[in-house]
Amino acid sequence: MKSSTPHQLVPQERIVDKIYLIRGKKVMLDRDLAELYQVETRSLNQAVKRNTDRFPDDFMFQVSEKEYIFLRSQFVILEGKGKYPKYLPYVFTEQGIAMLSSVLKSKIAIQINIQIIRTFTRLRELMSTNEMLRHKIESIERKQESYDKSLAGIFQLIEKLVEEETQPKPEIGFRVKRNEP
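If you're matching positions, the sequence shown starts at 4 in our numbering and goes up one per residue.
Some hints could be false.
Subject to a maximum C-alpha distance of 25 Å in a straight line, what follows is the list of computed PhoX-like cross-link-like pairs (lysine-lysine) [stated by the list, open to error]:
{"hint": "1", "residue 1": "K21", "residue 2": "K69"}
{"hint": "2", "residue 1": "K28", "residue 2": "K69"}
{"hint": "3", "residue 1": "K21", "residue 2": "K52"}
The calculated label-pair distances, taken between Cβ atoms and stated as ranges, are [what the hints assert, rightly or not]:
{"hint": "4", "residue 1": "G27", "residue 2": "I140", "range": "18 to 28 Å"}
{"hint": "5", "residue 1": "A101", "residue 2": "K69", "range": "26 to 36 Å"}
{"hint": "6", "residue 1": "I157", "residue 2": "M130", "range": "33 to 43 Å"}
{"hint": "7", "residue 1": "D61", "residue 2": "K89", "range": "21 to 31 Å"}
{"hint": "8", "residue 1": "E167", "residue 2": "N133", "range": "43 to 53 Å"}
{"hint": "9", "residue 1": "Q41", "residue 2": "K69", "range": "27 to 37 Å"}
{"hint": "10", "residue 1": "L91", "residue 2": "S153", "range": "55 to 65 Å"}
{"hint": "11", "residue 1": "K108", "residue 2": "P59", "range": "18 to 28 Å"}
{"hint": "12", "residue 1": "F73", "residue 2": "I140", "range": "28 to 38 Å"}
{"hint": "13", "residue 1": "G27", "residue 2": "A101", "range": "17 to 27 Å"}
{"hint": "14", "residue 1": "M135", "residue 2": "K108", "range": "38 to 48 Å"}
Calculated from the structure, these hints are not laboratory results. We treat Cβ as the ideally placed atom computed from N, Cα and C, and that holds for glycine.
All chains should be built: construct the whole structure from the sequences, respecting the hints.
Shown next as structure tokens:
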């Protein structure tokens, strides 16, 4: 019988820390996925290469040298042998990661894969919530600008009234000139 709360093999924060934004897509590196799945990066990439028809360009792609330099600035690369890889790493989008479960058959890979997909879903929900919050704030700001304009008009009117009161007013009525002897 399945438990109602999912068992986490890896803390969600650890997965989130391994998600990068490249070419406008949230992706994970092949080496990070291999580490999570407890397989060698070479084995993961070989399994993918044996099933290339399952991994179109929007599921997986190899980073450019410029993208790799950017990635290296985001995390610490191992010194020594692993400092400069012979091949540029591959990255997997959420759909590519979902497809990995069909080529990596181990129980751990499937369980980790479920966790990763849940993490991507949670991130999407958070972004959606933040987007709604942003729209609400913008709406309030627009209303505030409208109120500010209305208040500015009221203050201008009050200033005019105050100015009118401070100006000397002509006397009303007749002036009688008196003849003084």
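Hint check against the structure, violated hint numbers in rising order:
none
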